[in-house]
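Input sequences plus hints: build the corresponding full structure.
Line order of the protein sequences matches chains P and W. Residue numbers 216 to 413, in my numbering, belong to the letters of the first sequence in order. Residue numbers 216 to 413, in my numbering, belong to the letters of the second sequence in order.
Worth flagging that the hints you see were computed from the coordinates, not collected in a lab. Owing to the predicted nature of the structure, the values given are computational and were not obtained by experimental measurement.
Chain copies aren't distinguished; within one or between two, either way the pair holds.
Within a straight-line C-alpha distance of at most 16 Å, the following computed EDC-like cross-link-like pairs (lysine to aspartate or glutamate) qualify:
1. LYS413 <-> ASP369
2. LYS266 <-> GLU232
3. LYS400 <-> GLU315
4. LYS400 <-> ASP371
5. LYS363 <-> GLU300
6. LYS238 <-> ASP336
7. LYS400 <-> ASP373
8. LYS253 <-> GLU225
9. LYS275 <-> GLU233
10. LYS275 <-> GLU225
11. LYS316 <-> GLU233
Next come the chains, spelled out residue by residue.
There are 2 protein chains.
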Amino acid sequence: MSTATATTKERILDAAEELMTTKSFHSVGLNEILSAVKVPKGSFYHYFPSKEQFGVELVKHYVADASCYKRRMLLTEELDSNPLERLSSYMNGAITGMVEKNCQQSCLVLKLSAEVCTMSDGMRAALAAGMREWNLIFTQLIREGQAKGAMRTDIDPDATGAMVHDYWMGALHRMLAERSVAPLKAAAAFIIRHLTPK
Amino acid sequence: MSTATATTKERILDAAEELMTTKSFHSVGLNEILSAVKVPKGSFYHYFPSKEQFGVELVKHYVADASCYKRRMLLTEELDSNPLERLSSYMNGAITGMVEKNCQQSCLVLKLSAEVCTMSDGMRAALAAGMREWNLIFTQLIREGQAKGAMRTDIDPDATGAMVHDYWMGALHRMLAERSVAPLKAAAAFIIRHLTPK
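Now the structure itself:
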């Protein structure tokens, strides 16, 4: 694939991600995406054989970027040698970001899994794979914290990684409805307190 | 409003609830709802001035039923005098229900809050009011558990009620993607362990 080709495809995916994170998968029409990137409809079908296949690639594209960001913020020792502090900074950074977006844009995986999981097995599989990867990042962070004595050692890192992931997702949901970061602040406070050694 | 009128309106809302809990708000067309209940389009606009107003009433209708169910299962002392046991039964009952539906139908509030919050302030307000009501039910249950010595007393009932609500929502969310009740089982185990007196 030439660089120009990769660029057009990337631009379509980026534009769709932006539109769909605020709106929804079904309410964003192909024309809206294509006019945002000024690409003719024929080009779209050159890159994506169907809207579903496009959806699968969109999820993978988003998950790859988000996983990269999460690994960098959560698992990079140089940022802060204390894993509990890195988790706290990560959640506070997310809260600041949500305030800037007036709590109207959350996470594409959150938006799409509520909307498309019963309608596309391909998109569902990509969403599940993304969530599994994110769970594992939290689990790895907790293992590091336990090994360093920075987090409680009497809790199971797999179960706790899943709790951090799922509670945060649920708090993001309520944030969208309340249009307030209060649920995220409560989740961050609970998670940090729960992980802190007694 | 005559009984017949109430009945047609209820039937429209029930059919829409059934369709939208599996699909999504935007992917279910008016015709699909109306053909499910065999009602002409003119009737729909007699009851609901717009699709948005219909969405608001749909959320309120769903929340009223779900709140009633939650209060009955969680706050009825006759069911089980131990509030921790009632919570456990409630979550296990939900897990059984999700298995029966092959993890393809969750909660309309969860589906819609991801999808419509940025598009309709009326629906958003109704979704937020529903979540607040559900949070309060969990908080009331925890207060009762604390008063009876059946739940830990060193935790804040408001913050814990919100944690139970939001973590459960996030677990439902991952259930849809994984098509497995494993996230719900993990959430139930965490919540019960967290609330059990030391």
